[in-house]
Structure formats: structure tokens, C-alpha cells
Amino acid sequence: MSKIIAVTSGKGGVGKTTTSAAFATGLALRGYKTVVIDFDVGLRNLDLIMGCERRVVYDFVNVINGEGNLNQALIKDKRVESLYILPASQTRDKDALSQEGVEQVLAELRDRFDYIICDSPAGIEHGAIMAMYYADEAIIVTNPEVSSVRDSDRVIGLLSSKTARAIEGKAPIKEHLLITRYLPKRVNQGDMLSAADVQDILAIPLLGVIPESSVVLQSSNAGTPVSLESNTDAGQAYLDIVSRFLGEDCPMRFVNDKKGLLSRLFGN
Amino acid sequence: MSFFDYFRSSQQNTAAIAKERLQIIVAHERGREAHLDYLPVLQRELLEVIRKYVAIDDEQIKINVDKDGDYEVLELNITLPEAEKAR
Chain A
1 MSKIIAVTSG KGGVGKTTTS AAFATGLALR GYKTVVIDFD VGLRNLDLIM
51 GCERRVVYDF VNVINGEGNL NQALIKDKRV ESLYILPASQ TRDKDALSQE
101 GVEQVLAELR DRFDYIICDS PAGIEHGAIM AMYYADEAII VTNPEVSSVR
151 DSDRVIGLLS SKTARAIEGK APIKEHLLIT RYLPKRVNQG DMLSAADVQD
201 ILAIPLLGVI PESSVVLQSS NAGTPVSLES NTDAGQAYLD IVSRFLGEDC
251 PMRFVNDKKG LLSRLFGN
Chain S
269 MSFFDYFRSS QQNTAAIAKE RLQIIVAHER GREAHLDYLP VLQRELLEVI
319 RKYVAIDDEQ IKINVDKDGD YEVLELNITL PEAEKAR
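Residue numbers (my numbering), protein chains in the order written: chain A, 1 to 268; chain S, 269 to 355.
Hints listed in this document are in silico derivations from the structure and should not be mistaken for laboratory results.
Glycine included, every Cβ here is placed at the ideal spot set by N, Cα and C.
Everything hinted at is true.
Estimated spans, in silico, between C-beta atoms of each pair:
#1 Asp-257(A) to Lys-330(S): 43 to 49 Å
#2 Ala-164(A) to Tyr-306(S): 24 to 30 Å
#3 Glu-313(S) to Ala-203(A): 33 to 39 Å
#4 Glu-168(A) to Asp-338(S): 21 to 27 Å
SDA-like mimics (lysine to any residue), calculated; alpha carbons at most 20 Å apart, straight line:
#5 Lys-335(S) to Ala-203(A)
#6 Lys-287(S) to Leu-183(A)
#7 Lys-76(A) to Asp-114(A)
#8 Lys-185(A) to Thr-282(S)
#9 Lys-185(A) to Ala-286(S)
#10 Lys-287(S) to Asn-188(A)
#11 Lys-174(A) to Arg-154(A)
#12 Lys-287(S) to Gly-190(A)
#13 Lys-11(A) to Arg-154(A)
#14 Lys-3(A) to Gly-169(A)
#15 Lys-185(A) to Ala-284(S)
#16 Lys-76(A) to Leu-106(A)
#17 Lys-287(S) to Ala-203(A)
#18 Lys-11(A) to His-176(A)
#19 Lys-11(A) to Glu-297(S)
#20 Lys-76(A) to Arg-30(A)
#21 Lys-11(A) to Arg-289(S)
#22 Lys-335(S) to Arg-289(S)
#23 Lys-287(S) to Arg-186(A)
#24 Lys-287(S) to Leu-206(A)
#25 Lys-3(A) to Gln-99(A)
#26 Lys-287(S) to Pro-205(A)
#27 Lys-320(S) to Lys-330(S)
#28 Lys-170(A) to Gly-157(A)
#29 Lys-287(S) to Arg-150(A)
#30 Lys-162(A) to Glu-100(A)
#31 Lys-287(S) to Asp-191(A)
#32 Lys-335(S) to Asp-200(A)
#33 Lys-287(S) to Asn-256(A)
#34 Lys-287(S) to Ile-204(A)
#35 Lys-11(A) to Glu-137(A)
#36 Lys-185(A) to Lys-287(S)
#37 Lys-287(S) to Arg-154(A)
#38 Lys-3(A) to Pro-172(A)
Isolated chain S (complex conformation) (with noise of 0.2 Å):
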């Protein structure tokens, strides 16, 4: 960067930017690998399991893989309703 940029700070450093954003995506394009076709079906039948015990929509559970080094992390969460809690 040269002396005079200091005073012309108002540019953006759209590499930063590029960076980030490639980071984000291709982390997310390989973490959708083949052997995790299995998820949205998981997720329904974990669903219909829950539902015999307590009265859950389909947004109040969700599920998520994370790679964490070698580790592959399966997170499952699901919101109770209110009334459930209260008793």
C-alpha cells in the first residue's frame, strides 16, 4: 500500500472479502458430501419418533453436521413447547 492510501482509507479490501466468502462456501459444498444424503430423511423420521411423545412442528427440530478436525459432529436440536415445560 502506498503513503497516499492512508488518507484514501474509504476503499474497500474486496479480496478480504472474496476470501471469506469462498471460505464459507466451499466449506459448506464439502461438508454436502454423498455419504450425507441420508440427513432430511433422519430429520422426518426423528420428527414422526418425537411426535408420539410430544406435539412438535417441523421447525422445531433441527439438525446440523459440523467437521471439527477429524471428527464429523452430528447436532440435533429440538424446542419443546411451552406448555410441555410448564408442567
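The shape of chain A in the complex, shown without the other chains (with noise of 0.2 Å):
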């Protein structure tokens, strides 16, 4: 049985993008037929961060409006067996994802992945909507900082209210928070809103936390998912909210902060 899971989070820049990827990467390498769309029509950046930017022919749009099919439009990862990209339109608009295209592409993905995984643009306009509307569980990608967390907690409400699942009266979409850009130093000073204190709000069960790292900004510069830089902090965060998504038993971490005796005592 197939899944699909998006990937959103109301506000921009807090990482939808860069954990799509790596999330989608991370299920490619546990052997799932993985498949990743951009769905932010008109800014598309997922071929980017996923290094495939040069190989785009056909796209999303191209397959709903029948200019081109699937096999043209999907992108097959050259480092991971089994995944795949499915990007966005960089010319049209976001009118152009229309309902019916999307339901009719994703159906057709559903015979062909295990795991389909909806790059959510930002904001709360129809493109949002539509990464959204037939998903079966979601991630909703969260920075310890009040603007996201205000803006997640919008979307959430979207997630019980305008999707297929709820219009239709279904089992709710299954919800994932994940924390990024993660300072467990700060959290300590009382400058930074803490894990729990995120989770105590949106009331969602925690995924993960993405520690802050400068891999993240060094993997998009080479277009690696930082799933695959599996020794780093970050890429090892990532692989861990996969197997935690697998329902595997693997203990939080890069949530406190690492500091010796030494710093402990005389601060910084």
C-alpha cells in the first residue's frame, strides 16, 4: 500500500525543501520505491537541491496538461536505486496544478511507488493546497522561532479542514512535527523555545529535530541530499527521522546540548 506525505510547513526558508529531499533519499536507501515532487509551480528548487536541475525536460505540469507522460517527466536519481524526481513547472503559475491533474498523476504514481513525497510550496494558496489535499500523512517542518511556529499551527488547522481526507470524512492525515535549524546551546541559555515547548503548542507528535549545521548549506551548494552525508550531524538527524518513521525505536538526539565540565561551569 502506497503512502503519500507531504511536506509543509506555512511559513518559507524553514527547510521543507532541503528535509523533502533528504527524507525521500533516506526511504530510497532503505530500499522503498521512493518518489519526490515539487509542487512549488514557478519557483521550483527541489532539482536543485536533489542535483538534478540539468536533466529537467518534461515536468508536473507538462504531465497533468498531457504534453508529456511520466516516464518523460521522472527524473531517475543517479546516486539512490529506486528514487525518483518529479519537478516543477518554472514557467507557469499555480492555477496550473488543477485538482483533478493532481489527483489523476498521483493515482498513477500509487501503482508505481511505495512512498510519494509532496514538496509543499509556502504560504497557504492553492499550491500549498493542493500538496496537501491527497496526502495520507504529513510532515510539518517547524523552526524553534514564533512566526513558524505560528504559521505551523495554521496549517495544521488546514490539514483537519481542507483536505481530501477530512472533506471526505476519513481517518485524519497522520501528522509529524519536525524541528529544524535546532540549537540545543541556546535552548540552554533560554533564548531558544525548546523541543518540548514547540511540541507543547502544536500538540503533534515530535519526528526529529534537526540540529543547525553547516552541512545543510554546504550539501545544497553541491545538490546532496544530507541524508547521504550519513557521518555528519545532520545527515544522521535526517536518517534517523526515517527509521523513526519506519515506527523503528531510535532515541532523540542532538537535542542537548554536548558541553564539558569545563564550559559547563564557566558558561559559553
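Hey, can you piece these two chains together into the complex? The hints should help.
See below:
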């Protein structure tokens, strides 16, 4: 049974695309047939983060409009077996994603893949609603910062009211909280919301915490999904969330500050 | 917190402020869901009914909805004018 997972947040720049790329790659590394779709029509970036920007010929909107088929539009990843990317159109606007078109493409993908990851655009406009509309599960990406948390709460409200599962009265979308750009040291100093605080406010289960890390920028520079950098903190944190998502017992890491006794005593 | 932080306690814990502000605004925004859109109309109609019997101002009626677990409590506060009470 295939699953559609929306990666969403409301606010921009919190790490939706980074997470979509790393999470999809992590699932494919486990042997699952996985496709990651860019829903950000007009501002496509997943192709850059996945490092396949020069291989885009046909895109999501072309497939919806029948100008090309799925086999032509799907880009097979060169590093990980069973990982595919469906890029967004860079020239159309968001209304090009008709609901019937999205439904049809997702139905076709369901026959071929175990996991379908929908990388949502920022905001709560049409493109974002389409990315979450047919989802079975959702990863809500949040930074420990007031505007991001508030926007996430708004998106959680939309997941439970504006999606197919909500409208058709089916079992609700399973929600997962992912906190990114986390700095345990600043949390300890009392000037950053803790993971527990954010979870308290949003009241959905915590899937994981990704620490603020220079690796995220470096891997986007190179077009490598963070989860392929398996010897780094952020890479391991993403591999951990894949394990937890698959139901494995995997204790939270990167939540606490690792400080020596001397720095504990003398501060900073 | 480090040992020396105890001596520079003038620093505020902004994370705690952020949490409190978020809890308030999020609770407020969740409460303002679509099914409560009728509140302003209800308030106006109640005001009209009460005015048939007592002369009150717009500010003398307060309407509020609170969530208490699974219950929603509709709170209605009407302040009667001084003259009415004296009678």
C-alpha cells in the first residue's frame, strides 16, 4: 500500500525542500521505491537540492496537461536506486495544478511507488493546498521561532479541514512534527524555544529534531541530499527520522547540548 | 545554565516569553473557527431583544466563548444600568 506524505510548514525558508530531499533519499536508501514531487510551480528548487537541475526536460505541469507522460518527466536519481524526482514547472503559475490533474498523476504514481513525497510551496495558497490535499501523512517542518510555530499551527488547521481526508470524512492525516535549525546551546541559555515547548504548543507527535548545521548549506551547494552525508550531525538526524517514521525505536539525538564540565562551569 | 550566569541574572529568558505569547495567540486563533462566525450577529440580535425591555448601550453586553476540555462555554454578560437596579 503506497503512502502520500506532504512536507509542509506555512512559513518559507524553514527547510521543507531540504527535508523533502533528505527524507525521500533516506526512504529510498532503505529500499523503498520513492518519488519526491516539487509542488512549487514557478519557483522550482527541489531539482537544485537533488542535484538534477540539468536533467529536467518535462515537468509536473506537462504531465497534467498531457504534453508529456510520467516516464518522460520522472528523473531517476543517479546515486540511490529506486529514487525518482518529479520537478515543478518553472514558467507556469500555481493555478496550472488542477485538482483533477494532481489526483490523476498521484493515482498513477501510487501504482508504481511505495512512498510519494510532496514538497509543498510556502504559504497557504493553491499550490500548498494541492500538496497536502491527497496526503495520508504530513511532516510539519518548524523552526523554534515564533512566526514559524504560529504558521505551523495554521497549517495543522488546514490539514484537518481542507484536505480530501477531512472533506470525505476519512481517518485524519497522520501528522509528524519536525523541528529544524535547532541550537541546543541557545535552548539551554533560555533564548530559544525548546523542542518540548514547540511540541507543547502544536500538540502533535515529534518525529525528530535537526540541529543547525553547516552541512545543510554545503550539501545544497553541491546538490547532495543531506541524508547522503551520513557521517555528519544533520545527515544522521535525517536518517534517524526515517527510522522513526518506519516505526523503529530510535532515541532522540541532537536535542541536548554536549558540553564539557569546564564549559558548563565557566559558560559559553 | 553555567555557574557565572547566576551573577548576571539581569538577562531575561526570552524563550519563556515566546512560549507564553504563542500559547495565547494559538489558543485564540484556534477558537476563532468557522462554526463561531455567527457570534457578532448573535450579539446584535441579543442586544435588540434586551432593548425591548431595558435601555442599554452596545458596550453593556459582552459575549465570549471559552473552551473547557470537550465543552464550549458561551458566556454572556449584560450590565444593567444603575437606574434599573435602584427600582
